[in-house]
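K.L.:
Chains A and B supply the protein sequences, listed in that same order.
Numbers 778 to 1086, taken from my numbering, label the letters of the first sequence in order.
Numbers 34 to 286, taken from my numbering, label the letters of the second sequence in order.
For the record, the hints were derived by calculation from the structure and aren't laboratory data.
The beta carbon of each residue, even a glycine, is placed where N, CA and C say it ideally should be.
One should not assume that every hint holds.
Pairwise CB distance ranges (calculated) [to be verified]: (1) A/Asp-1043 / B/Arg-211: 35 to 41 angstroms; (2) B/Ile-226 / A/Lys-834: 26 to 32 angstroms; (3) B/Pro-181 / A/Thr-867: 45 to 51 angstroms; (4) B/Phe-275 / A/Gly-789: 24 to 30 angstroms; (5) B/Asp-257 / A/His-787: 54 to 60 angstroms.
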Amino acid sequence: MIQIESLHKHYGAVHALDGLTMTVEPGVVFGFLGPNGAGKTTTLRILTGLARPTSGKVMVAGVDLASDGRTLSHRIGYLSEEPTFYPWLTSWEYLDMLGHLHGLDLTARTSRVKELLELVSLAEAGKRRIGGFSHGMRQRLGLAAALVHKPEVLLLDEPVSALDPSGRKEVLELIERLSGQCTILMSSHILADVERVCNVVGIISRGRMIVQSPREALMDRYAQPVFEAEGEDTAAVKRWADTVRQQNWATAVSLDGDRLRVTVSDVKRARRELLASAVTQEIALRRYEEVRPSLEDVFLQLVGKEAIQ
Amino acid sequence: MNFFIVLRKELIEQWRTKRMLIVAAVLVIFGLASPLLAKVTPDLLKLIPNAPAVLAGLFPTPTVADAVSQYIKNMSQFGVLLALLMSMGSVAQEKERGTAAMLLAHPVSRFTFLLAKFVALVCTFAVSLAVAALGCWYYTLLLFKALPWGPFLALNGLMLLVFLVYVAVTLLCSTLVRTQGAAAGLAFAALIIVAGVGSLPRIDEYFPGRLFTWGGMIVLGGGDPAWAAFWISLGIITGALFIAWLVFRRQEL
């Protein structure tokens, strides 16, 4: 559904995109991950036609962006990181205008706007001017605006980053419901959210794709077992962490106060030796467990490697 | 057609942000006040205590020509100022806030976006000037005598054309920069340059400001038509909009 080949975008000496290549298959929810400044927003802005690539090839829903970019707006829906609206319009008027621009007749528009306002829980605010909306309401309205013409491809730039927990939950549930109805490319830095709704993940760093894979395959391939422990004495836990760092099966050791987190390469040895070393050093533990590695661990591992290279 | 959908949005904005009301109110006030000021100014001066007799001699009995001159003077100052103030943020503000990007991600061409803004401003100034002209005509009738309809209409048509020159140039300035403040600065600089160069002898015949003089002569009689200034004004409007489109279509939002 989306094919990007050797995409470059230069702002003077800054290479925001440096040969990005990626493919998004139809029907997937693609989690587009990367640290700040990696090129996520630039990529999405190029896909919507709001920015132009320096070079490279972009195909969206079978449309070549370079030759026929104008027809693309009928096939994509876009939600920017901080959606902005005309404050003097009501949400109903705004969605109605967008429906009209996409060629919907009055009957179709009326029913679609009603449906969308209910979908994003703004039905009661339909007649209110957008100027009085909260951040969360504007974010939900932005999602409705992106969906007004039932696009084949939905581009979401950090769709939940500015929302409170309940707003985030609502929008994520909405994205989950849309899964299968259209192809979704969603950028985010909240990895737990990506882990929850995305079935394919791509990690971008410094304008290049580091890895792209179905989420489970990515976890199987890169996720290393993790052990977490909490001690009673911070100084003692710090000494223990220093000891653990010297073990060749410990690939990463992080300490946050009295909380130790150890990523390991050899889980069998770690199971035998990690707890034993705590006992040897007489560390009093409140909690000790082997946890399921998260996408965050994979992300940090891959982005960390990239940064070192 | 998407142009009319975007134009409707622009007109709603003009109405709900009260811009249309402000333009109409200012022009109507000065439309009504012009014949009134022409009529009462000599009387007011006579009321000054111990005024020298020579002062009264300087202000002969006002005529309809004074009413028309006052109307042209007021409109040329406040109309041009309003044209700048109402247009300076039209594109820059949308780029600054991000609303342009939100709209242009949908099937709206950049040409449509710009043209709708210009046409909405044309509507605002045309309607406001029409109401102001009607007020001026009525007060002139009450205080002096009826102005001839055709020539007075021509005068207002020419004034509208001058306002639209400033609207188009300000729209271009608003397209060139990213913030409303920068657009305002650029537009005022353009106004000062046009006013300065346009006041030079012989050159003034080719500048939009000449149309005010021509309009006055159409109503009061005498003088030569200023077709050069007319065509140049139309050329400036077309050129400014064309350059704005060339620039805007290449801008990243």
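K.L.:
It remains to establish, for every hint, whether it holds in the given structure.
P.N.:
Quick rundown of the hints versus the structure:
no. : hint                                       : in the structure
1   : A/Asp-1043 / B/Arg-211: 35 to 41 angstroms : violated (56 angstroms)
2   : B/Ile-226 / A/Lys-834: 26 to 32 angstroms  : violated (46 angstroms)
3   : B/Pro-181 / A/Thr-867: 45 to 51 angstroms  : holds (47 angstroms)
4   : B/Phe-275 / A/Gly-789: 24 to 30 angstroms  : holds (28 angstroms)
5   : B/Asp-257 / A/His-787: 54 to 60 angstroms  : holds (57 angstroms)
Comparing the model with each earlier hint shows violations of hints 1 and 2; every other hint is respected.
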